[in-house]
Amino acid sequence: MTQINFAYLNEQTKRMIRRALLKAVAIPGYQVPFASREMPMPYGWGTGGVQVTAAILTPDDTLKVIDQGADDTTNAVSIRKFFARTAGVATTTETQKATIIQTRHRVPEHPLTEGQILVYQVPIPEPLRFLEPRETETRTMHALEEYGVMHVKLYEDIATHGHIATSYAYPAKVASRYVFDPSPIPKFDNPKLNHCAALQLFGAGREKRIYAVPPFTQVISLDFEDHPFEVQRWDTPCAICGSGTGYLDEIITDDAGTRMFVCSDTDHCATQAALKAGPNAA
Amino acid sequence: MLLEVKGLNKRYEGQVACEDVSFDLWPGEVLAIVGESGSGKTSLLKCISTQLGFDSGTVHYKGADLGAMGEAAKRELMRTQWGFVHQDARDGLRMGVSAGANVGERLMAVGERHYGSIRQTAAEWMARVEIDPARMDESPRQFSGGMRQRLQIARNLVSRPQLIFMDEPTGGLDVSVQARLLDLLRGLVRDMGLAAIVVTHDLAVAKLLSSRIMVMQKGRVVEQGLTDQVLEDPQAAYSQLLVSSVLQV
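First to last, the sequence lines map onto chains U and D.
According to this note's numbering, the first sequence holds residues 579 to 860 in order.
According to this note's numbering, the second sequence holds residues 19 to 267 in order.
You may find that some hints are simply not true.
[Stated by the list, open to error] A few chain D positions that, by computed beta-carbon distances, are all more than 10 Å from chain U:
1. E47
2. T60
3. A90
4. S116
5. G118
6. R208
7. G211
8. L244
9. Y256
[What the hints assert, rightly or not] Under the rule of at most 30 Å between Cα atoms (straight-line distance), these lysine-lysine pairs were calculated in the BS3-like manner:
10. D/K225 with D/K80
11. D/K92 with U/K731
12. U/K751 with D/K80
13. D/K92 with U/K601
14. U/K731 with D/K64
The set of hints was computed from the structure by calculation and includes no laboratory data.
Just so you know, even glycine gets a beta-carbon here, dropped at the ideal spot from N, CA and C.
From just these sequences and the hints, can you work out the full model?
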């Protein structure tokens with residue numbers, strides 16, 4: 579253990595990532611290229627997020643890691659353990675107690691506060707990729723603010739499904755300038771990005787890109803005047819905690835197709851269940 | 019004057035593509051550029067429409083020097099005041115999205131954000147180029163060659179451009195489809211007062227569409243003048259050869 583540097587990466591690598599992060603914060607939504615390293619995990623498991631977390635982690639930080647909202651799934655558990663071992667930092671599952679939250683595809687339900695940092699794992703950082711495969715061309719389009727093609731995608735959704743069917747990785751415009759991909763979070767979470775008190779950092783390891791949304795920055799989801807942006811809604815509250823405020827996952831419980839809807843944010847679910855049970859509950 | 023080209027030169031690694039080409043284009047005028055394969059006509063079209071850089075010479079659009087214009091301004095021109103009809107419709111269309119989205123793209127690019135009105139305009143334009151608007155949600159992959167070409171034209175004209183570049187617009191289509199497309203193009207050009215530069219190797223296309231013609235050989239303009247005049251009474255040896263090689267039925 580003693581040979582491994584604090585938070586796994588060497589100091590030169592962290593400096594390189596921090597430089598990219600500073601640039602990303604200075605230009606909200608702009609994808610900054612960085613020299614992404616090989617990490618001891620496969621691409622697609624959060625190599626980008628892990629590198630960002632490693633670069634910003636200090637010994638005093640408290641880390642929370644979630645995967646689709648849950649603290650107890652493989653990806654979340656292994657990354658949390660990774661930093662507990664390589665950095666010796668405190669870990670938590672409670673959103674309020676964390677100073678850094680690394681997330682795969684969800685934003686915690688509990689409102690984030692100033693001083694907190696949310697680190698997203700990003701598979702494909704380029705929102706224009708769907709319609710324009712050439713990287714040289716998408717960079718030019720970002721540079722010249724040519725985002726008409728983004729609406730072509732939404733138009734196709736409405737023409738095919740009657741409504742905007744894009745339900746995750748929903749494109750948004752940051753600070754009235756760059757259109758960005760908020761990683762595959764459900765569009766339910768998009769409004770939470772707008773004027774969020776916490777610093778939001780996005781790391782894409784395979785694609786070697788870092789981008790950021792600084793605190794209290796405007797994030798507007800794209801839409802049409804006659805088909806405004808809308809988030810998902812459910813008819814029933816969470817089957818476990820009874821809360822109707824969070825994003826719900828559909829869970830198939832048997833082979834007969836019985837299903838239940840439960841909170842995807844496990845910390846939120848536990849908090850709500852405890853509230854409901856009251857202070858006298860065991 | 020809409021377009022003014024002066025002394026344009028373009029070489030590919032020493033190989034001459036265009037040499038000392040100069041011409042003017044006035045609003046509402048259709049100019050045909052004819053010549054055999056490799057005579058530099060497509061290179062010339064690409065140079066003028068800023069898709070290709072050139073070695074020397076100047077191109078002015080409405081008095082503005084295209085060489086001194088920034089990338090952003092050029093692309094803005096390309097998607098608002100200009101149109102480009104490719105020989106192969108697949109180069110000019112987005113094959114992955116529906117016909118309606120193809121037509122509506124330019125509207126969205128200039129900031130139209132009302133789905134209903136984008137759709138309505140797209141449907142109107144599809145009807146105008148004789149494609150059943152009921153097929154607007156289909157992919158262009160399901161369209162025939164002639165329909166794709168008409169769709170490409172609608173996609174370009176939706177922003178009501180003033181100048182349209184066409185590179186062999188009827189290439190690869192069979193004769194009856196060609197005739198219909200030419201008829202449609204002639205009508206649209208007249209109704210909208212469009213100026214156009216049409217590159218073609220087919221003298222019949224030039225005769226039908228254009229008022230002026232430019233004959234190119236080995237990168238040089240060997241003759242230019244009124245279409246009827248040049249085709250009826252070609253002066254340059256190469257033009258004479260070209261006119262006399264047209265097949266008669």
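These are the hints, each one checked on the structure:
no. : hint              : in the structure
1   : E47               : holds (30 Å)
2   : T60               : holds (21 Å)
3   : A90               : violated (5 Å)
4   : S116              : violated (6 Å)
5   : G118              : violated (6 Å)
6   : R208              : holds (29 Å)
7   : G211              : holds (26 Å)
8   : L244              : holds (40 Å)
9   : Y256              : holds (39 Å)
10  : D/K225 with D/K80 : holds (27 Å)
11  : D/K92 with U/K731 : holds (24 Å)
12  : U/K751 with D/K80 : violated (35 Å)
13  : D/K92 with U/K601 : holds (29 Å)
14  : U/K731 with D/K64 : holds (29 Å)
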